[in-house]
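**Student:** Residue numbers (numbering that gives the first Met the number 0), protein chains in the order written: chain A, 0 to 109; chain B, 0 to 169.
One or more of the hints may lead you astray.
[As the list claims (entries may be wrong)] Examples of chain B residues toward chain A, derived with CB under 10 angstroms:
1. Pro-27
2. Leu-90
3. Asp-124
4. Pro-142
5. Leu-149
6. Ala-153
Simulated from the structure, these hints should not be mistaken for laboratory data. Ideal Cβ placement from N, Cα and C applies to all residues, glycine included.
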Amino acid sequence: MDIKAYIILSLALFTIGIVGVLVRRNAIIIFMCVELMLNAVNLLLVAFSKMHAMSGVAKASPYFASDAQVFVFFIMVVAAAEVSVGLAIIVMMYRNVHTVDVNFLNRLKN
Amino acid sequence: MNLTTLVFILLSVMAIGSAIMMISSKSPVHSVLWLIVVFFAISGHYILLNAQFLAIVNIIVYAGAIMVLFLFVVMLMNLNAETEPVKNYRLQLVGVITGGALLLVLVSAVMKIDVEQLVEMKVGDQGLIKVLGMNLFKNYVLPFEISSVLFLSAMIGAVVIGKKDETANQ
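Same shape as in the complex, but just chain A:
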């Protein structure tokens, strides 16, 4: 499979995430779109790892080309921590203003 197919697939998923952040007003959906963007990047990292494996450079090391997949593992770690804190913030916001509409959070504007 050509690497360009994977790049375009990841770009499409990433752009759908950006459009979701732009068009939705529900804070939870916006948060889910951020997760979608993270997953698009993960997919691209794994595809690049396998591309590097195909090219055959640095075949001397036993772990060659698996670094990108370790990075994906760390991205998942950070995403899990981010979700727990972010959902706590959204629950707190719901408790105070009784809505998840992000347009209600414009008190710092004036």
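With the hints as your guide, set chain B onto chain A.
**Tutor:** Just chain B now, kept in the frame of chain A:
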């Protein structure tokens, strides 16, 4: 067209279609369920690339833990299609046009580069647990330990944020 290409196209259509359904469905619960379908499609891509460890971790951590947390919060707040805040039509159109223009620019830039690299499908041991575990615990052991501190601070942060403010009532 061989079987690998067919599976790739099928999984890609499934991922992109479910992502579009996620951002366009009215009810937040349906959005969460569509996002789980996207994660399963991405896990299918990982299996196609022989990244078996990441495929399983993606299903367990994302589809299993994180999305259940999202679903739990959505149901806790009792959100449905009636309570859903809707942006006005013109702003939505502007958002879609902006995203489409970004996609157009990025895709045309990617099509212009003349790289003919292929991706290794279905073979290779980079994604197996043995290789990944050896790499993680030999070369990346310090970031691994630091991530445990990150988890601890995230846990404490979630508890501190979520706790009811008792001093405010006095």
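**Student:** Decide, hint by hint, whether the structure agrees.
**Tutor:** Now the hints, each set against the structure:
| no. | hint | in the structure |
| --- | --- | --- |
| 1 | Pro-27 | 6 angstroms, holds |
| 2 | Leu-90 | 7 angstroms, holds |
| 3 | Asp-124 | 9 angstroms, holds |
| 4 | Pro-142 | 6 angstroms, holds |
| 5 | Leu-149 | 5 angstroms, holds |
| 6 | Ala-153 | 4 angstroms, holds |
Of the numbered hints stated above, none is contradicted by the structure.
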